[in-house]
Amino acid sequence: MADQVVVPVGIGELRASKDPLEVLVAYGLGSCIGVCLYDPQVKVGGLAHVMLPSSADAASQQPLSKFADQAVPMLIEEMGKLGALPRRMVCKMAGGAQMLVSPGFSGNGFNVGERNAEAVRAALGRHGVALQRAEVGGHRGRTLSIHVSTGRIMVRTIGEKEIEL
Amino acid sequence: MIAFTEGLRDDQWRTLRDVAARGATNAAAGLSEMVGRNIRIQTPDLRLVRLGEVSGLLGRPEDEVVGVYLSIGGDVRGHILLMLSPQEALGLVDMVLTQDGGSTAALGTMERSALGEIGNLTGTFFLNALAEVTRMNIQPSPPAVMIDMGAAVLDVPLAALANTADEALVIKTFFLDDQRRIEAAFLVMPDMPSLQAILEVLEKRWRIR
Chain A
1 MADQVVVPVG IGELRASKDP LEVLVAYGLG SCIGVCLYDP QVKVGGLAHV
51 MLPSSADAAS QQPLSKFADQ AVPMLIEEMG KLGALPRRMV CKMAGGAQML
101 VSPGFSGNGF NVGERNAEAV RAALGRHGVA LQRAEVGGHR GRTLSIHVST
151 GRIMVRTIGE KEIEL
Chain B
1001 MIAFTEGLRD DQWRTLRDVA ARGATNAAAG LSEMVGRNIR IQTPDLRLVR
1051 LGEVSGLLGR PEDEVVGVYL SIGGDVRGHI LLMLSPQEAL GLVDMVLTQD
1101 GGSTAALGTM ERSALGEIGN LTGTFFLNAL AEVTRMNIQP SPPAVMIDMG
1151 AAVLDVPLAA LANTADEALV IKTFFLDDQR RIEAAFLVMP DMPSLQAILE
1201 VLEKRWRIR
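These protein sequences, in sequence, are chains A and B.
Going by our numbering, the first sequence opens with residue 1, and the numbers climb by one from there.
Going by our numbering, the second sequence opens with residue 1001, and the numbers climb by one from there.
Same shape as in the complex, but just chain A (with noise of 0.2 Å):
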């Protein structure tokens, strides 16, 4: 029986495959997302590491990938050339987290996990991708992960037992 890969997908990238070997995880979400796609009939899956929701208000713009609203076509295209079609591409998402909970800190700069959620939405939205689940807000870091395989997606934080989403 051959072992798992775990292949890392760091912040602001993304990665799809077709591997049945490989794991693809995305560690220590906190107002990122991690966006997994799978397209069950050819098993095919990807996951992009999500850091910020649109291209359209940053001044840097590399990587590209690092946008909610550029990430999901990306990743959609990436799948496509492994033979993996948006009509039956299913998503799950996790992450958003807002991890700074104090007096000092408010406002629009520090909701960025919650406009991360809302920008992934709207693109899957454009995109015509079914958004089947999401694990998104809270307070706690997350990690998920998407076994290319059987398209199982787990989730994790500290202290809790590994969850399917």
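Bear in mind the hints are in silico, worked out from the structure with no lab data behind them.
Glycine included, C-beta positions come from ideal geometry on N, C-alpha and C.
Watch out, some of these pointers could steer you wrong.
Reference listing, derived: stretches of chain B covered by chain A, where coverage requires no fewer than 3 residues with Cβ under 8 Å from a Cβ of chain A [said to hold, decoys possible]:
(1) 1049-1055
(2) 1061-1072
(3) 1146-1158
(4) 1162-1168
Chain A is fixed; fit chain B onto it per the hints.
For chain B alone, kept in the frame of chain A given last:
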């Protein structure tokens, strides 16, 4: 949009190292007063790295850390983060509350508050030194204490920095207590426009260099 894709010149690195050392030394002096011990600093490490590489400088992304965060405002914008293991945090709280090592067993409200104070003091003292040498207006926010996965804590400064650049100057140092290094990484990350501004000011003021 500023991009230090060519890297910084040698003289710019020297300038930044000098400023970082002054800031860190001041932070250690403040901490020494707070804990009543002679706290020194390890020579600060300075790197210009892509945002995706910051986490790799600091231990495993899922490891639980205590992060004390302050944002920097005024003429300089950026982030300060004191990152330490929960174990180290317990020891540091003991030191601050002048208790025997091993007294603090958990990080409750009072302990978090003490950690916030440590972050606030070291951060403020660092920024005071920076403000003095640059004559810029530099203000820290009140501290926020987070206890969670290291990567999640880092999202706070990294997501903010990502708006203006894909890279960050990471100034990292550790505090030394007698023979022992306190495993608390003290990180200062100005945003790229602020880094540019600091360099311009210091190049004018220290024209001899």
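Each hint tested on the structure:
no.: 1; hint: 1049-1055; result: holds (count 3)
no.: 2; hint: 1061-1072; result: holds (count 5)
no.: 3; hint: 1146-1158; result: holds (count 11)
no.: 4; hint: 1162-1168; result: holds (count 5)
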